[in-house]
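Chains as they are written, first to last, in this note's numbering: chain E, 1 to 438; chain V, 1001 to 1438.
There could be a bad hint or two in this list.
Said to hold, decoys possible - Below, simulated DSSO-like cross-link-like pairs (lysine-lysine); rule was C-alpha separation at most 27 Å, straight line: (1) V:K1213 x V:K1339; (2) V:K1339 x E:K213; (3) E:K146 x V:K1339.
Said to hold, decoys possible - A few chain E residues that don't get close to chain V, going by computed Cβ distances all over 10 Å: (4) D87; (5) D111; (6) A263; (7) G314; (8) A319.
Just so you know, these hints were derived from the structure itself, not from any lab. All C-beta atoms in this analysis are idealised placements derived from N, C-alpha and C, irrespective of residue type, glycine included.
2 protein chains.
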Amino acid sequence: MHDDPIGGEHLAPVSFSAENHPADLAELLEEMAPEAARVALLALPLGHGAETFGYLPPEIQVALARVLSRGELAAIVTEMNGDDRADLYNRLTPEQQEALLPGLAQAEREDIRRLAAHQEGTAGAIMTSDYATLAPGLTVLQAIGKLRLEAPDKETIYRTYVVDAERRLIGSVRLQTLILAQPQRTVEEVMERTTRAVGVEDDQEEVARSIAKYDIIALPVVDGEGRLVGIVTHDDALDVLQAEATEDFQKVGSVGSMADSIASASIALLYRSRIYWLVLLVFGNLLSGAGLAFFEDTIAAYIVLVFFLPVLIGSGGNAGSQSSTLMVRALATGDVEMKDWGRMFFRELGVAILLGMTMAVAISTIAGFRGGHQVALVVAVSMLLIVTAGSLIGMSMPFILSRFRLDPATASAPLIASIADIMGVVIYFSIARAILLH
Amino acid sequence: MHDDPIGGEHLAPVSFSAENHPADLAELLEEMAPEAARVALLALPLGHGAETFGYLPPEIQVALARVLSRGELAAIVTEMNGDDRADLYNRLTPEQQEALLPGLAQAEREDIRRLAAHQEGTAGAIMTSDYATLAPGLTVLQAIGKLRLEAPDKETIYRTYVVDAERRLIGSVRLQTLILAQPQRTVEEVMERTTRAVGVEDDQEEVARSIAKYDIIALPVVDGEGRLVGIVTHDDALDVLQAEATEDFQKVGSVGSMADSIASASIALLYRSRIYWLVLLVFGNLLSGAGLAFFEDTIAAYIVLVFFLPVLIGSGGNAGSQSSTLMVRALATGDVEMKDWGRMFFRELGVAILLGMTMAVAISTIAGFRGGHQVALVVAVSMLLIVTAGSLIGMSMPFILSRFRLDPATASAPLIASIADIMGVVIYFSIARAILLH
Chain E
1 MHDDPIGGEH LAPVSFSAEN HPADLAELLE EMAPEAARVA LLALPLGHGA ETFGYLPPEI
61 QVALARVLSR GELAAIVTEM NGDDRADLYN RLTPEQQEAL LPGLAQAERE DIRRLAAHQE
121 GTAGAIMTSD YATLAPGLTV LQAIGKLRLE APDKETIYRT YVVDAERRLI GSVRLQTLIL
181 AQPQRTVEEV MERTTRAVGV EDDQEEVARS IAKYDIIALP VVDGEGRLVG IVTHDDALDV
241 LQAEATEDFQ KVGSVGSMAD SIASASIALL YRSRIYWLVL LVFGNLLSGA GLAFFEDTIA
301 AYIVLVFFLP VLIGSGGNAG SQSSTLMVRA LATGDVEMKD WGRMFFRELG VAILLGMTMA
361 VAISTIAGFR GGHQVALVVA VSMLLIVTAG SLIGMSMPFI LSRFRLDPAT ASAPLIASIA
421 DIMGVVIYFS IARAILLH
Chain V
1001 MHDDPIGGEH LAPVSFSAEN HPADLAELLE EMAPEAARVA LLALPLGHGA ETFGYLPPEI
1061 QVALARVLSR GELAAIVTEM NGDDRADLYN RLTPEQQEAL LPGLAQAERE DIRRLAAHQE
1121 GTAGAIMTSD YATLAPGLTV LQAIGKLRLE APDKETIYRT YVVDAERRLI GSVRLQTLIL
1181 AQPQRTVEEV MERTTRAVGV EDDQEEVARS IAKYDIIALP VVDGEGRLVG IVTHDDALDV
1241 LQAEATEDFQ KVGSVGSMAD SIASASIALL YRSRIYWLVL LVFGNLLSGA GLAFFEDTIA
1301 AYIVLVFFLP VLIGSGGNAG SQSSTLMVRA LATGDVEMKD WGRMFFRELG VAILLGMTMA
1361 VAISTIAGFR GGHQVALVVA VSMLLIVTAG SLIGMSMPFI LSRFRLDPAT ASAPLIASIA
1421 DIMGVVIYFS IARAILLH
C-alpha cells in the first residue's frame, strides 16, 4: 500500500492521528485497553472519531461503550452512519440502550428505532438511511442544488432515488446523468424508471449476492407498499459475503460458527465452539467400533485385514469430504441449485466409479504382496464400493440438508468422514466374510 | 428481487431482450449451445451485447469467440470494458489473438497489449483503463466539462484522478466535491493530496482486501515511477475475494482448485482435480496400516483394542481439522498473522488439553464396560494425548506452510486427519503395550 502519490512504501507504523484513515486507527484501538482507547478516541476530531468507532469490531464497540460517559457516547453515536449506529444499538444491554436514547436528538432516536427494529439477517438489518431522495417534479438545477446541501451527510449520492409524495420509489437517477442533463428539464424526464429494489424482509445474503452479480454500488430497500425505507451499499454487501464464507468455512471444519475474531476469542469460547461437534462425532466413531466388534470372528481369523482398515475407511472419508466441500460452496455461490441434484448425482456416480477403480488397482497390488490374492480381491472390491458410496453420500448430504431448510455447510468434512467410516467397516468386513470365510 | 418500483415479485422468467440486465442475459446464454448463443447475442444492441458478453464466465467467452466471425468478435471486443477485454485476450489461443488484433482500432489494440502484459494475480491483471484524469491547472468548470464528454465511456467517474504532465498521480477529486466547489477555483485547490494507491505488481488479494477494509469504490494503480496506469474497482475486488474464498474452500476439502464452475465442469476435470489428493492420502493411510502391523502382537493379544481404534484416530483427526480450518481462514482474512504463532500455540494447547480431558472422561466410561479398567486407562490416556497432538498439528501446519511461502489452505482437513491417524496409531498402541504387556 502506498499512502503518498509518489508510490513509496509504507515503512513507519501508522501513528494515532487524524491524518490516518479511520480503518487504520480502528486497528490500533483494538490493541489498546478500553480506558486507553477511550482517551485516544476522544482526542480525535468528533467526525473522524465516530467514523473510527464505526470500523471497530462489534465486541470492541460494546466494551468501549461501557467506559464512555453518556454524553461522550451520545456525541459519537450521533455522528455515526445510520446502519452502524443501529447495529451498535442492537448489541447494547437494555440498560445501556435506555441510557443512550435521551442523549440523542429526536431525528437520530427515530432513525435508530426504525433501523434497529429489523430482524438479523434481513436487508432491513444491514440497510442505511444515509441516502438522498428527489421529487419527480424538481428541475435538474433544483435537484443539484438539493444534493449540494445534503451531500456531506449522505453515504452515497452517486445514485439518488426518486420518490412520490407517499415515498413510493418511482425511479432513480445517477449524479452523472444530472450533470450531463440540461438544467431546465425535470427529474422525471431524465430518471431511469425501472429501478432494481429489494424487500426489507429479504435475506441479506441474497441481497449481497445481487449487488455482487450486477456490479452495483447500492440497492434500494422498499417495504410491502413499495415505499423506500433504506439502501444497502456495496461495502456492506462485501462484509456479508465475507462473513458468510467464514461461517461456511467454520462449519465445514466442524466448528460452531464464531462471530468474533479467533485472534481475540477466549479459551472458553474456543472450547465451547468445538467440544459439541467433537463429542457428537465420538458417537459416530463408536458405531464404527461396534461394527468392528460385530466382525470380531473375521478379524481374529485374518488379523491382516486390520492393516488395510485405515486406508479403506480413510479413502471413503476423503472422497466424501471432497464432494461435500465442492457442493457446499457451489450451493453457497449459486453455481449449483436444488433442481440440479439429479444431474449432479449421475455425474458424481461417473466420477466416483473412475476414482474408485483407480484406487482399487493401486491398493490391490500392495494388498497382494501383504496378504495374498484373496485378500487383494477383498481390498480392491471394498475400495471401489467405499469410494463410490462415500462420494455419493458427500455429494448428497448438502442437498438433503438444503431440502430441509438446514444449512448445507453442516455437512462438514468430519461428519461425512464419520458416516463413511461406519459404512466402510460394514462394507469391508461383509465382503471379507463372504469371500474369505465362505 | 423486484424489478419494478412497486415492489412486486419477479414471477415470469427473464426473457432474452435488451430490457433485461446483462448479468441476467449472460445466465441465459450460458445454458445455450454456442451457435444459438451467437445468434441471441448478435440480436442485442451492440453495447448491451458487449456488456452481456463481459458477464459470461471465461470458458463460455472462449467457446463463443470460436463461433463468432472475426468482424463480430472485434466489434464486441471494442465495446467491452478494458479489464474484461484484456482477460479474454489472455485466454485466447495465439492464433485467435493474431486473428483478433487486426480487426481493432489502434487505441483498443494498445490498451489490450498494455493490460494483458501484467502477470496473473497482480493488481495490473485486474485493473481497468476506464477512468478519468484531470490536469491540476483546470478550473472546476473546465473539469466538469471534460468529465461530461468522457463520462459515458468510463467505468467510474465518481472519483477522478489528478495527474501531472508526466502522468504521475498527484491527487484525486470526488465528483461530489467538484459539484460543490466554486466553478472558478482550480482542480489543484479542491483536490485531495494524499491518495491511497497500489503498485502494479502488488498482490491482487491484498489490493482487494484494502478496498474491503477502507470501504472504497476504486483504488488507483501506479507503476514504479508513480505514474497512474489503471484503477481497480470494488466489483473486481469482490470477485477476487469470492474466488479466493472458493479456492481456499476447495483446498481445505483436498480438491485441486478449479477455476471453472463445478456445474459445468467435465467428468474428466472433476476426476483430475480429485485423484491426486486421494492417491497421495492413500500413502499416508498405508503408513497407519504399517504402524498397525508393527503392533501385531499387541492387537492379537487384545482384539478389544481394535474396537476403540476408529474413535481414537477419528477424534485426533477431527480436532486437527477444526484447528487447521480456523487458522486457514483467520490467516486468509488477516485476523491472525505470522507473528501471532507463539501466542496462538499456547492458547491452542490450553484449549486442546481441555477438549482432550473432556473426551477422555467420556470415552473411558464406555471403555471400562467393554474391556475392564486397564483398557479404560489406556484409552483415556491415549485420547488426551491424541486430541492434544492433533490440535497442535492442525493449528501449526497452516503457519508452517505460510512460513515456506506455500498456501496455508493446503493444510486440508483430510491431510491433517491422515497425519493424525498415523500419530494416533503409534500413541495408542505404544501406551497399550506399555500398560497391558509389561
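Would the non-interface assignment of E:G314 survive a Cβ cutoff of 10 Å against chain V? Since the minimum Cβ distance to chain V is about 4 Å, E:G314 lies within 10 Å and the statement is violated.
Would the non-interface assignment of E:A263 survive a Cβ cutoff of 10 Å against chain V? violated (5 Å)
Given the hint that E:K146 pairs with V:K1339, test it: the Cα-Cα distance must not exceed 27 Å. violated (51 Å)
Restraint check for V:K1339 with E:K213, where alpha carbons must lie at most 27 Å apart: violated (37 Å)
So is E:D87 really clear of chain V, every C-beta pair being over 10 Å apart? Check passes; 15 Å lies beyond 10 Å.
Quick one: work out the minimum CB distance from E:D111 to chain V and report holds if it exceeds 10 Å, violated otherwise. Answer for E:D111: holds, closest chain V Cβ roughly 20 Å.
Hinted pair, alpha-carbon criterion (27 Å max): V:K1213, V:K1339. Please report holds or violated. holds (21 Å)
Could you let me know if the closest chain V CB is still more than 10 Å away from the CB of E:A319? The claim is violated: E:A319 sits with its nearest Cβ about 6 Å from chain V, within 10 Å.
The structure fails to meet hints 2, 3, 6, 7, 8 from the earlier list, while all remaining hints are met.
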